[in-house]
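K.L.:
Those protein sequences? They're chains A and B, same order as listed.
Positions 1 to 356 (this note's numbering) are the ones given, in order, by the first sequence.
Positions 357 to 712 (this note's numbering) are the ones given, in order, by the second sequence.
These are computed hints drawn from the structure, not numbers from a lab.
Computed from a predicted structure; not experimentally measured.
We treat Cβ as the ideally placed atom computed from N, Cα and C, and that holds for glycine.
Hints are not guaranteed to be accurate.
Stated by the list, open to error - Reference excerpt, derived from the structure (chain A facing chain B, CB under 7 Å, subset only): (1) L31; (2) L32; (3) E37; (4) G131; (5) L141; (6) M173; (7) Q176.
Number of protein chains: 2
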Amino acid sequence: MSFSASSPVSFVRAAVDGEIARFLDRRRAQLLEVGSELVPVADALEAMLAGGKRLRPAFCYWGWRGAGGADVAGIHAAAASLEFLQACALIHDDVIDNSDTRRGLPATHKRLESLHAASGWTGSAEAFGRGAAILIGDLCLAWSEDLYQASGLGPEALQTGRVPFDAMRTEVMAGQYLDMLEQVREDGGVEATLRVMHYKAAKYTVQRPLHLGAALAGRYDDLAPVYTDYGLPLGVAFQLRDDILGVFGDPEQTGKPAGDDLREGKRTLIVAETLERTGSADRAEFLRHLGDPLLSAETVEWMRGAAEDCGALAACERRIDDYVAQATAALETGRIDATARSALADLVVAATARKH
Amino acid sequence: MSFSASSPVSFVRAAVDGEIARFLDRRRAQLLEVGSELVPVADALEAMLAGGKRLRPAFCYWGWRGAGGADVAGIHAAAASLEFLQACALIHDDVIDNSDTRRGLPATHKRLESLHAASGWTGSAEAFGRGAAILIGDLCLAWSEDLYQASGLGPEALQTGRVPFDAMRTEVMAGQYLDMLEQVREDGGVEATLRVMHYKAAKYTVQRPLHLGAALAGRYDDLAPVYTDYGLPLGVAFQLRDDILGVFGDPEQTGKPAGDDLREGKRTLIVAETLERTGSADRAEFLRHLGDPLLSAETVEWMRGAAEDCGALAACERRIDDYVAQATAALETGRIDATARSALADLVVAATARKH
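Using the sequences and the hints given, assemble the complete structure.
P.N.:
Given below as C-alpha cells:
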C-alpha cells in the first residue's frame with residue numbers, strides 16, 4: 001500500500017519517525033554501556049525500525065484526533081510505540097516462518113546469521129541468528145512498553161489506554177498462534193481464514209490502534225463501538241487487498257516477484273475461496289503448486305486463471321466493496337472530530353483501492 | 357537453592373502465587389474467547405508459572421519493605437509480574453539453547469511439539485513447537501507489563517518504578533546476547549564470564565528487583581546505591597553457588613544428574629577458572645569432555661578432580677565468601693527498615709550457603 005504525500009498516514013509519519021529515532025538513540029547508548037559487542041544488535045534494531053508504513057501509529061493518532069485530542073508530541077510517541085510491537089511481531093514471525101527476507105532486506109535472523117559466519121565463530125550460524133533474533137524481538141516488545149509509558153501523556157491517560165494496549169498484544173499473539181495452527185491443520189477454509197484475519201489484521205492493525213487513541217483522549221467508552229464498526233471491516237478489506245496483490249500484483253509495484261504469496265504457500269482468503277470453488281481436479285493441481293518455491297511464470301499464470309475463473313477473485317473484490325461500505329457508513333455515526341473523520345475516510349480509500 | 361518454610365522467600369511466596377493464579381485465570385478466559393484451540397497455550401503458561409523459586413519477587417518485596425512499604429496486595433502483584441518476565445526468559449532461553457527439559461518437565465517448545473505430533477498435523481512438529489514457544493514467551497513478556505501496571509499501586513509510583521523495571525529488561529536481554537556470544541566465541545575467560553554473570557544474575561536477579569521495590573515505595577534515590585552494593589555481590593555469589601552445585605551437586609538434592617552442567621557444556625565461572633589454571637594437557641582433555649551429553653560417571657569424577665586440584669573450586673568458594681562479606685556489610689549502611697534488613701541478611705545466607 002502506498003500513500004500520497006498529503007495522505008493521513010504521511011501527515012503523522014515525520015513526527016512518528018522522529019520519536020522512533022530519538023528513542024532508538026537513547027537505547028543504543030544503553031546497549032553500548034553493556035558492551036561494544038551490542039553494536040550489531042543496535043544496528044539490526046535500527047534497520048528494522050527504519051522501514052514500515054506506520055499504519056498502526058496513523059490509526060492510533062487519528063483515533064486520538066477523532067476524540068478531540070490535539071496534535072501534541074505525547075500522542076506521537078504513544079503511537080510510535082506500536083511500531084516496536086510490530087517490529088517484534090515481524091522479527092519473531094520471520095523466525096517462526098523461516099523467512100529469509102523482510103521488505104527486500106535480510107530478515108533479522110539472517111543478518112545475525114551472517115555476522116556469525118563473517119566472524120568465524122564456532123557452532124551453528126543459523127542457530128545463533130535465530131537465537132539473537134528472538135532476543136532482539138524481545139527487546140522490541142519491551143521497548144514498545146517503555147516508549148508508551150514514557151510518551152509524556154499523563155499517568156491517568158496511559159492507565160486508561162492500557163485496556164486496548166493490553167488487549168491488542170494478547171490478541172495479536174493469539175492470532176499468530178491460530179495462524180500457525182491453520183497452516184499445520186491444513187484446514188484453511190474460508191471461515192477459519194477469516195478468523196485469523198479478524199485477529200491479525202482487523203483488530204491488531206486498525207481497531208485496537210483506534211481504540212488506543214480514543215482511550216488516551218479519555219473517550220474510550222463512547223468512541224470504541226464506532227471505531228469497532230469502522231475498524232473491523234476496514235482491517236479485513238485492507239488485508240484482502242494485500243492478499244489480492246500477493247497473487248495478482250505487478251512486481252514493479254509490489255517490489256516482490258509475481259505471485260509471491262503462491263510461491264510462499266500463504267493460506268490467504270483468495271486461496272481459501274479458490275479451493276472451495278474449484279472442481280476436485282483443479283483443486284488438486286492448485287494445491288500441488290501452492291508453496292512451491294520454484295513456481296514458473298506459466299504456473300503462476302495458470303493459478304491466477306484458476307482463482308479468476310472460479311469466481312474467487314470476484315468474491316474477494318465484492319467482500320472489499322461490502323466492507324468498505326460498512327466502514328464508511330460507521331463514520332457517519334458518533335461524535336468524531338470533523339478533520340479526523342475526513343482523514344479516516346481517506347484511509348479507507350488509501351488502504352483498499354485497486355492498484356494499477 | 358531451597359528455603360525453609362520460615363525464610364524471607366516463603367514469607368511472600370503464597371501472596372505472589374495467589375496474584376499469579378488470579379491473573380492467569382483472567383488471561384485464560386481472554387485466550388479462550390479467541391478460540392478453544394488456545395487451551396494448550398493457556399495450559400503451557402500455567403505449567404510454566406507453577407514452578408520457580410519466586411526469588412525475584414522476594415527481592416522486589418523486601419526492597420519495598422526495606423524502604424518502609426507496607427505488606428499490601430499491590431506490591432505482591434507488582435513483584436509477581438517479575439515471574440512473567442522470568443518465564444519469558446526461560447521459555448525463549450530453552451528455544452535458543454535447544455534444551456528439552458525445564459525443572460524436570462518438558463520445556464515449553466517440547467510440550468507444543470508433542471501436541472503437534474499427537475494431533476497428526478502436517479509439517480514439522482519441531483518447527484511448530486519452537487514457533488509456539490516463541491509466541492508463548494512473548495505473551496509472558498507482554499503480560500509481565502500488564503500485571504505490573506494493573507497491580508493497583510498508584511500511577512505515580514508505577515511510573516517511578518519504570519526506571520529499574522525498564523532497565524532490568526534491557527539488561528537481561530543484552531546479557532543473554534552476551535552469553536550467546538561467549539558460547540560461540542569460545543572466549544570463556546574469567547573476566548568475560550563475570551561480565552555475563554553481572555548482567556544475567558547480579559543485576560537481573562537481585563539488584564534490579566530491589567531497585568524496583570525501592571522505587572515503588574518512592575525511595576529510589578536514597579536506597580538504590582545501598583541495594584546495588586548489597587545486590588551485585590550477592591547476585592554473583594548466588595550464581596557461583598549454583599554453578600558449583602551444577603558440577604559438584606548431589607543428584608538427590610539438585611534433582612539433576614551429577615555433573616549436569618558439565619554434560620551441557622555450560623561455560624560457568626568454575627569452568628573458566630579450571631581452564632585458566634590447569635596445564636595444557638589437562639585443559640585439552642577437560643575441553644574434550646565438556647558438553648559431551650554421554651559423559652560417564654568416571655569422567656565426571658575426573659573433571660571434578662581437575663577443578664578441585666587446580667584450585668578453581670577453592671577460588672570460587674573464596675569469591676563467594678568475599679561477596680557475601682561485601683553484601684552483608686552493605687546492609688549496615690543506609691536507612692533500611694529493621695525487619696527487611698534482617699530478611700535481606702537471611703537471604704544472603706539462604707542463597708549462598710554450602711549445600712550438604
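K.L.:
Can you list which hints this structure breaks, lowest number first?
P.N.:
Violated hint (a single one): 2; every other hint is consistent with the structure.
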